[in-house]
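Spelled out, the chains give:
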Amino acid sequence: MNGILHLWLIPLLPFAGFLLNGILGRKLPKWLVTTVALAAPLAAFGVALGAAVSFSASNSLPWVETLPFAWINIAALHVNFSFVLDQLSLVMLLVVTGVGFLIHVYSVGYMDGDEGYARYFSYLNLFLFFMSVLVLAGNALMMFIGWEGVGLASYLLIGFYFQKKSAADAGKKAFIVNRIGDVGFLFAMFLLVANFGTLTFTEIAAKLGQCSGWTGGVVTVIALCLLLGAAGKSAQLPLYIWLPDAMEGPTPVSALIHAATMVTAGVYMIVRMHVLFNHSPFALGVVALVGAATALFAATIGLAQNDIKRVLAYSTISQLGYMFLACGVAAYSAAIFHLLTHAFFKALLFLAAGTVIHSLGGEQDLRRMGGLWKKLPVTFAVTTVGVLAIAGFPPFAGFFSKDAILYAAFLQQPHGRVLWAVGVVTALLTSFYMFRLWYMAFLGKPRSSDAPLHESPWSMRGPLVILAALSLGGGWIGIERTDGWLNMERFTSFLAPVVGAKSVAGGGARLELELSAIAVGAALLGWLVAYLFYRQSSTVPARLAAALPHGYKLLANKYYVDEIYGATVVKPLLGFSKYILGWVVEVGVLGGAAWLLAGSAKFVGAILQYWQSGNLRSYAAWLAVGAAAVLLFLLVPWATAWPATLDFVWKATGH
Amino acid sequence: MNSLFAQEVPLSWYLMLSAILFSLGVVGFLIKRNLITMFMSIELMLNAVNLSFVTFARQWSAVQGQLFVFFVMVVAAAEAAVGLAIIISVFRARATLAVDKLDRMKL
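Chains A and B, in that order, give the protein sequences. For the first sequence, the positions run 1339 to 1993 when this note's numbering is used. For the second sequence, the positions run 1468 to 1574 when this note's numbering is used.
Since the hints were derived computationally from the structure, they do not count as laboratory data. Idealized CB from N, CA, C, for every residue including glycine. Do not take every clue at face value.
Derived DEER-like restraints, expressed as beta-carbon distance ranges [claimed, not checked]:
hint	chain 1	residue 1	chain 2	residue 2	range
1	A	Pro1981	B	Gly1495	33 to 43 Å
2	A	Ala1936	B	Gly1495	24 to 34 Å
3	B	Val1549	A	Pro1406	30 to 40 Å
4	A	Gly1964	B	Gly1495	10 to 20 Å
5	B	Leu1484	A	Ala1936	32 to 42 Å
6	A	Gly1937	B	Ile1487	25 to 35 Å
7	B	Leu1534	A	Gln1947	40 to 50 Å
8	B	Trp1527	A	Gly1937	33 to 43 Å
9	B	Leu1478	A	Ala1990	53 to 63 Å
10	A	Gly1964	B	Phe1537	20 to 30 Å
11	A	Gly1964	B	Gln1533	25 to 35 Å
For reference, chain A alone in the conformation it holds in the complex (with noise of 0.2 Å):
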C-alpha cells in the first residue's frame, strides 16, 4: 500500500480557497480571486482523480485515514478524525469535486461584475470543503459536521442577495427546515451510541453483522430517524418545502447545491448505513414509500409550473424521490448511479436554465420565452440532451440509471410492482414536463422583446457541453460486454464490495428489456402529450386548465402545502412565541423575578441607610466600641463564659 495519499487534502484546499477570498477576497484583484477559487476544487478534484486511478489500479479499497489525535475520547466513546475512502465515497467525491469545479468555471461567467464576487466563491468553496468531510467521513459525527456545513452554505448561498426579502426568507426557511430533519440525525447518533457505543460505520456495521438479533425495535427507530434527517436535507415529503424556494440563490448555486451534490446527502446516507436499513425491512418499506410519494407529488407540482428554475426544482424533488424509491428497494447501487447521472443532466439542466435567465436579463418565466433555439444554439443543444437525459431516452445517461430503479422495484416483493407502477407514472409526468419547458423556452414563436440576444461566454459555455456529453455518455459506465450480450450491472459489483450486491431472483434480460420499453414508452407517450399541447395547439392547456380549474389551480398552487404548513404548523408557533414565550414568560414570569429582585434590594436598602449617619466621628466611635467588645472577648475570662452560661441555660431549660 502506498501511504502517500492525503484524503484531508480534499476538504482542506477549498477550506484554504474559502479563508483566502473570504478575508482578503474584497482587496485582492478579481484574477487572482478566480484563480484561487478555481485551483482548490480543481486540486482537490485531481487528488480524488489521482486516487481514483492509484485504486483501479492497485485494487486496496477501501482506505481509511485517522488523523493522529482523538477528538471526543468520553467514556465508552471514542470518535476519531477519519476519512474513508471506498467505491462509494470515491464515486461521490467525484461528483462533488468534479461537477462542482465545472460549475465554479460556468460561475466566472455567471457572477462576473456582480458585486460579492469574492464572497461568492469563498461560500462556493466553503460548500466542497464541508461537502468532501460529508463524504470523507468515517463515522456518523464526522458526517455530521459536513450535513452541518452543507446546510449553511447552502443557507448563505440561497441568501446570497439578502438585500431582497423573498432570498433572505428562503434562507432562512431552508434552515430551518433542516433543522427539522437534523434534530432525527442527532437523535439517531444519541441511539446508535446507546446501544452500539460507536459511532464508526463499520464498528456498527460489525456489531449488527456478529449479532443477528437485531432487527425491528431500535434498529427501527434508528432508521426511521436517520430517514427524517435524510428527507430533510434531500427535500422529500413532508420536509420538501424548501428546496423551491431555495431556487432565490444564484443560478449555479441551484446547479451545483440544490441538484447535483448537496440534496443527495440524504441519499448518500441512507446508502451510507444501509447495514441498518438492512436489518429493518419496516424502516425500508418506509423509505420506499416516501420515496414514490415524493416523486409522484412533486412531478404533478412540476406539470403547472411556469417558472422555469421551478420546475427543475420540483423534477430535483421527483429524482430524489427516485433515488429513496432504489434505497427503499436496497437497490443501493442503483440510487447511487442514478445520483450520479442525476448530477450532471441536473447540472446541465439548472446551467443552461441559467444561461437563459442570464440572455434575457433575468427573465424566468416560461410563458414569456420561447424561440430561443435559434438565438442560443449551444444553449439549445444541450438543453435538448439534459431533457432526452431526464426524461430517460436511451443511450442517454438517465435511461441506465431510472431503468436500473424501475427494474429493482419491480422485482421486489411483495409490493413491490405498485412501486414500479409509480416510477412509470412518475417518468411520464416528468417527460411532459421536461418537455413542455423545452417547447415553451426554446421553440414557438419569441414571446420575449426582440432585443438581440447573445451567447454567455466560454467559461459558461464549456461547462456546458462537458456536461451535456457526460449526460449522454455518463450512463455507460454501468455497461460492459460479456458474453455477447450487455451486462446492466458493471456498476452494481463495482460498488457490492461496500453496499453488497442485490441478489435479484426471478430477473432476466428479457423481462428488462420489456420494462424498459414499458418505461421508454411512458416517456414518449409524455413527450407525444407535450407537442400536441405546447407545440402543435397551444390553446389546448388553457382549456385544459379551464375544463379543470380546481385541479388546475391545485397544481399551480403546489397542493397549498405551503399554506398548510403556514396554518398548522408556523401560525400556532408564532403564537406559542409571541403570547405563551413573550407575554407570560418574558414580560410575566422573568420580567416578574427580575423586577421583584430589584424591588427587594431597593426595599431593604431604603431601610438600612438610616444608619449611615455621614459622620465621621460616630463612625470612628462604633469601631472603637467595637474593638473593646472583641478585647473584651479576648481578654477577660468571664466574657468568654457568656456563651457557655447562655447554653447551659438554653440545655437546661429543656431544649
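With chain A held as given, fit chain B onto it using these hints.
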C-alpha cells in the same frame, strides 16, 4: 553603680507607655473635630503599636517585630501622603475641616 538607671527597664513599663499612647490616640480621634488633629491621632496610635512591636522583639530576641515596624512605618508614610492630599482637596472644596460638617454622604 547599682542605681535605678543601671537596671533594665521592665517590659511592663514599655507596654504601659504603649497602651497610654494608644488610648490617647483613640480618645483624640473620637473627641477632636479637626480633620488634621484626627489624622495626627491615627499616627499616634500607629506609633504606640510600633513601640509594643519593638518591645516584644527585644524581649524575645526575635527580628520579626522589628520587621513589622518597618512595614508599619512605610505604610504610615504612604497613608500620610494620601491622607494629607485628601485633606487638602477637602479643604479646597469645602473651606472647612470640621468633620461634623463633612457629612454629605448622609441621605
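Evaluation of the provided hints:
1. A:Pro1981 / B:Gly1495: 33 to 43 Å: About 34 Å separates the Cβ atoms of A:Pro1981 and B:Gly1495, which means 33 to 43 Å holds.
2. A:Ala1936 / B:Gly1495: 24 to 34 Å: 44 Å, violated
3. B:Val1549 / A:Pro1406: 30 to 40 Å: 59 Å Cβ-Cβ, so the 30 to 40 Å window is violated.
4. A:Gly1964 / B:Gly1495: 10 to 20 Å: Holds - the Cβ-Cβ distance for A:Gly1964 and B:Gly1495, about 18 Å, lies within 10 to 20 Å.
5. B:Leu1484 / A:Ala1936: 32 to 42 Å: 55 Å, violated
6. A:Gly1937 / B:Ile1487: 25 to 35 Å: 53 Å, violated
7. B:Leu1534 / A:Gln1947: 40 to 50 Å: 43 Å, holds
8. B:Trp1527 / A:Gly1937: 33 to 43 Å: Hint violated: Cβ distance 58 Å, outside 33 to 43 Å.
9. B:Leu1478 / A:Ala1990: 53 to 63 Å: 44 Å, violated
10. A:Gly1964 / B:Phe1537: 20 to 30 Å: Holds, at about 28 Å.
11. A:Gly1964 / B:Gln1533: 25 to 35 Å: The hinted range 25 to 35 Å holds for A:Gly1964 and B:Gln1533, with Cβ atoms some 30 Å apart.
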